[in-house]
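Trainee: Residue numbers (the numbering used here), protein chains in the order written: chain P, 1 to 111; chain A, 112 to 222.
These are calculated hints, taken from the structure and not from any lab test.
Check the hints yourself; a few may be wrong.
Okay, derived cross-link-like pairs now, DMTMM-like style, lysine to aspartate or glutamate, Cα gap no bigger than 20 Å in a straight line [stated by the list, open to error]:
(1) K49/P x E210/A
(2) K52/P x E206/A
(3) K168/A x D2/P
(4) K98/P x E163/A
(5) K98/P x E184/A
(6) K60/P x E170/A
(7) K98/P x E206/A
(8) K125/A x E190/A
(9) K98/P x E210/A
(10) K120/A x E42/P
(11) K98/P x D167/A
(12) K98/P x E190/A
(13) K98/P x E170/A
(14) K49/P x E206/A
(15) K60/P x E15/P
(16) K52/P x E210/A
(17) K60/P x E76/P
(18) K56/P x E210/A
Okay, here's what each chain looks like letter by letter:
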Amino acid sequence: GDSVTQMEGPVTLSEEAFLTINCTYTATGYPSLFWYVQYPGEGLQLLLKATKADDKGSNKGFEATYRKETTSFHLEKGSVQVSDSAVYFCALTRRGEKLTFGTGTRLTIIP
Amino acid sequence: NAGVTQTPKFQVLKTGQSMTLQCAQDMNHNSMYWYRQDPGMGLRLIYYSASEGTTDKGEVPNGYNVSRLNKREFSLRLESAAPSQTSVYFCASSEPVYEQYFGPGTRLTVT
Chain P
1 GDSVTQMEGP VTLSEEAFLT INCTYTATGY PSLFWYVQYP GEGLQLLLKA TKADDKGSNK
61 GFEATYRKET TSFHLEKGSV QVSDSAVYFC ALTRRGEKLT FGTGTRLTII P
Chain A
112 NAGVTQTPKF QVLKTGQSMT LQCAQDMNHN SMYWYRQDPG MGLRLIYYSA SEGTTDKGEV
172 PNGYNVSRLN KREFSLRLES AAPSQTSVYF CASSEPVYEQ YFGPGTRLTV T
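Here chain P stands alone, though its shape is the one from the complex:
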């Protein structure tokens, strides 16, 4: 079945540091890929998405590129802020409905 593996957390960085959170997937066909973010005490919000190979999703300074050859969708940001502290989830869907999530990566940014 489909699965998503993402970087174990927690991750702690200093403000303005470079961020990478790794995500790899297993799925047949051509899934759509997503990054969701969960701020403390809230539900999940879509951060960015990519629907086909070599697409780059971007939002709020975050980027991720759909790499079919390595089955990866790593999340990056060039300069993180304290307000980026949250839990980040990588997810995929093959049929446009049910999402398969990774286990989440907790990110803490210290001033």
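Position chain A against the provided structure of chain P, taking the given hints into account.
Mentor: Here is chain A on its own, set in the frame of chain P:
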């Protein structure tokens, strides 16, 4: 627009008690979902409804029932709560292929 709303926000039950978690969306979406979130497990799909009048089991349906009351509302019922059902429950809605919108969650503790 309120988006996706859930009630209650918090609930404590004793083993064997029953309760219903309510979810409503005002975005006219056809699809609705119930997930549970547990530490280190990410989000797991309990049940989903692709359209009004239909429901299907997800990854972890045992111990739960659902009702798609109308297009707006999708409820989750625990008939006889068990400590293993202590979790945070999220409702979501979407149109197929597009992003899922999540509610703020219900934190349930079963003692």
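Trainee: If a hint holds in the structure, say so; if it doesn't, say that too.
Mentor: Here is what the structure says about each hint:
1. K49/P x E210/A: Answer holds: K49/P to E210/A is near 9 Å, not above 20 Å.
2. K52/P x E206/A: holds, 19 Å
3. K168/A x D2/P: Since the Cα atoms of K168/A and D2/P sit roughly 16 Å apart, the hinted pair holds (cutoff 20 Å).
4. K98/P x E163/A: Holds, because 16 Å separates the two Cα atoms, which is no more than 20 Å.
5. K98/P x E184/A: holds, 18 Å
6. K60/P x E170/A: Between K60/P and E170/A the Cα gap is close to 32 Å, so the pair fails against 20 Å, i.e. violated.
7. K98/P x E206/A: Status holds; Cα separation ~11 Å.
8. K125/A x E190/A: holds, 12 Å
9. K98/P x E210/A: OK: K98/P and E210/A at ~10 Å, within 20 Å.
10. K120/A x E42/P: holds, 11 Å
11. K98/P x D167/A: Measuring from Cα to Cα gives roughly 11 Å; hence the hint holds.
12. K98/P x E190/A: Violated: K98/P and E190/A sit about 25 Å apart, past 20 Å.
13. K98/P x E170/A: Holds, at about 10 Å.
14. K49/P x E206/A: Holds - the C-alpha atoms of E206/A and K49/P are around 15 Å apart, at most 20 Å.
15. K60/P x E15/P: holds, 16 Å
16. K52/P x E210/A: holds, 15 Å
17. K60/P x E76/P: holds, 11 Å
18. K56/P x E210/A: holds, 16 Å
Hint compliance for this structure: hints 6, 12 are broken, all remaining hints hold.
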